[in-house]
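Participant: Listed below are the residues making up each chain.
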Amino acid sequence: MARAAFPSPYLDSGLDSAILPAEGGRIVFTTDSFVVRPLFFPGGDIGRLAVCGTVNDLAVAGARPRFLSCSLILEEGLPLDDLGRVLESMGKAAAEAGVEIVTGDTKAVEKGRGDGLYINTAGLGFAPEGLDLSGSGIEEGDALLVSGTLGDHAMTILSSREELGFRSSLKSDCAPLGGLVGELLGSGARVRFLRDLTRGGLAAALNELADLRGVSLEIEEEALPVKEEVRALSEILGIDLPSMANEGKLLAVVRSEDADLALAAMRAHAYGKDAALVGRVAAPPAFGKAAPPPGSARVRIKTLAGSLRILPRPSGEKLPRIC
Amino acid sequence: MPAHEAFRRKDLVASLADSVAREAEGLGELKFMHVCGTHERSVNAFGLRSLLPPNLKIVAGPGCPVCVCPVPELLAARSLALRPGATLASFGDMLGVPMPGGSLLEARREGASLRLVYSAADALALARADRGREIIFLSVGFETTTAPTAALLASLEREAVPNFSVLSANRLVPEALRVLLEGRRLGPEGSAAPPIDGLILPGHVAAIVGSEAFRFLARDFGLPCVVAGFEPVDLLEALRDLIAQKRGGRAELGNGYSRAVRPEGNLKAKALMAKVYEVRDAEWRGLGFLPGTGLALRPEFAAYDASSKYRDALPRGRGAEDREPAVEDSGCLCSSVILGRAEPEDCPRFGSSCAPGDPFGPCMVSEEGTCRIRFDFGGAA
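Chains as they are written, first to last, in my numbering: chain A, 1 to 323; chain B, 1 to 381.
Any given hint could be a false lead.
Said to hold, decoys possible - When the alpha-carbon atoms are kept at most 20 Å apart in a straight line, the in silico DMTMM-like pairs for lysine to aspartate or glutamate are as follows:
#1 B:K57 with B:E345
#2 B:K270 with B:E157
#3 B:K10 with A:E218
#4 B:K31 with B:D11
#5 B:K246 with B:D220
#6 A:K302 with A:E218
#7 B:K10 with A:E183
#8 A:K111 with A:E75
#9 A:K302 with B:D18
#10 A:K227 with B:E5
#11 A:K273 with A:E183
#12 A:K92 with A:E218
#13 B:K10 with A:E235
#14 B:K309 with B:E157
#15 B:K10 with A:E222
#16 A:K302 with B:E5
#17 A:K107 with A:D81
#18 A:K107 with A:E129
#19 A:K111 with A:E76
#20 B:K57 with B:E23
#21 A:K302 with B:D11
#22 A:K273 with A:E228
#23 B:K309 with B:E159
#24 B:K31 with B:E182
Rather than coming from a laboratory, the hints here were simulated on the basis of the structure.
So here's chain A without its partners, still in its complex pose (with noise of 0.2 Å):
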């Protein structure tokens, strides 16, 4: 079945391991497991995240992907026409995203032992040399800026769970970014960062960036691109917006001065449309009460209100409040 929906050479060959030209420049590596629930949501499916997701992660340090292998775990039970789509599904996002798909593997389990279907790719990709993306360089007042509106595929799994009771029209934003950021990086601005936004959305890749390389950053509520239906959504339920995960969007740190072309760059690529400027890079801030320890960093948003606080990295699951 696989073969049939992502056909390759590779794969044909009847063996075990890929052997796969070596493309110059360095080697780009990486892999994630999905477990998504449900497995078919609108504006995706598992498969088409497994790709996307790898593909992304691959494309934002710098790589352009070429490479995927496919594991899947299957619960027995799970019906043929499901897996049927979600092969067909990844082979389409495969396409779309440029990569192959060289190898795999597929097991089953017992029923009771598995939620239907889980996957784990991995991506192979290749980076020019002397490509930086680390965010070695960033400096005070570098522009942050986002590829597209914020917290689509949370809204669209949590609204897609039963339990919750209530229809949108939204549609989950998984989609492959290596075309995207092939235009950003081509513009000519001098990108610092990137990082694709997942889980934990803007607020947990923003304090991954602050941890990372020590900096401050300051970002504005009033600036983030959200469709209104997410926003809406997200006040009824008191989940905080920039913690909402995502699955094809882009943060760019860009120096200051390339913001405009950067942002033109990504607005003439159909997956960054409503990409936005949405905060800087700040001085370190001056902390009152319980201040950290000197060196260490901080995340923080301007409220639509026009006061301060500080954004912390997203902890676990969230729920609907109670009352």
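Using the hints, position chain B against chain A.
Facilitator: Just chain B now, with coordinates in the frame of chain A:
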């Protein structure tokens, strides 16, 4: 502009904050307490404390019904979840609350059957869908959540669902405030001046019980109090009203949330609650028994009362006269935090050995819990 945006307008917020700062000048230290987790969440989400002058403090009081659910009731819930053929349906927050022997979630390892629900109606739907299974709804909440449960139980008079029952852990806010104030237990201890200068009253509870239910605070305790909504403008306007009362030496009841709160409240909701429930004494975790602050199902609804239906199977309950010491949450500051006697940041465990992924006490579990809210929003802001 949509209503919620109007109540967040930066210019309005800025001018109200200025006004509050000016009016508060020269009045010394002012502490106003709210009693609602949603208020604390709003205060943090909008960074309101950073907009206030240094002499003005908003203190979080007992505003989290999950946090005050006492250990004996949690143990009862857990024993029902472990009962063969039964499933405990509960709000998500309750599942992670620590108790001796492990939380409800941890009890799954021993075979406890749990379902996460968002309302009593969800739990009833489960019971209807599987008539062979005993579905017990763990009913936690203040008046806001109790009212829909009452409506649901009342509707069962028309169509019985014998495999459904409710374990009632609901609590009442106005009476709790009365008892705590009479016992001089609210706000910081040991100062000559009154420990709190006024109260910001919970808008959602007031929508049910009515603003008049809180008049006794001004009349009997001389406390300025104002019912407030949940947007930054609502909270700042309530503060402005409270400060004006202090300045004028007045102690009155104000209603700043008249768009949702009437003096008499929601009469239909109150009638349904009175029909289904009777008031009882209830234990609050960490605070002991507060007379008249709990709700039990009336005898007419005994068929749906889990504490009566499963009486023989439940652990021995506690009464106000019980001399046996309550299970102590040693080292947990939650019971001080909910009285406004300690800040989460005062707790040595806060953020280190007590965090949402690994909570030591209930205040870090619920999204209405003061400690959890402070953690979520990165500390006092």
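Participant: Hints numbered earlier in the text: which of these fail when held up against the supplied structure?
Facilitator: 4, 7, 12 and 18
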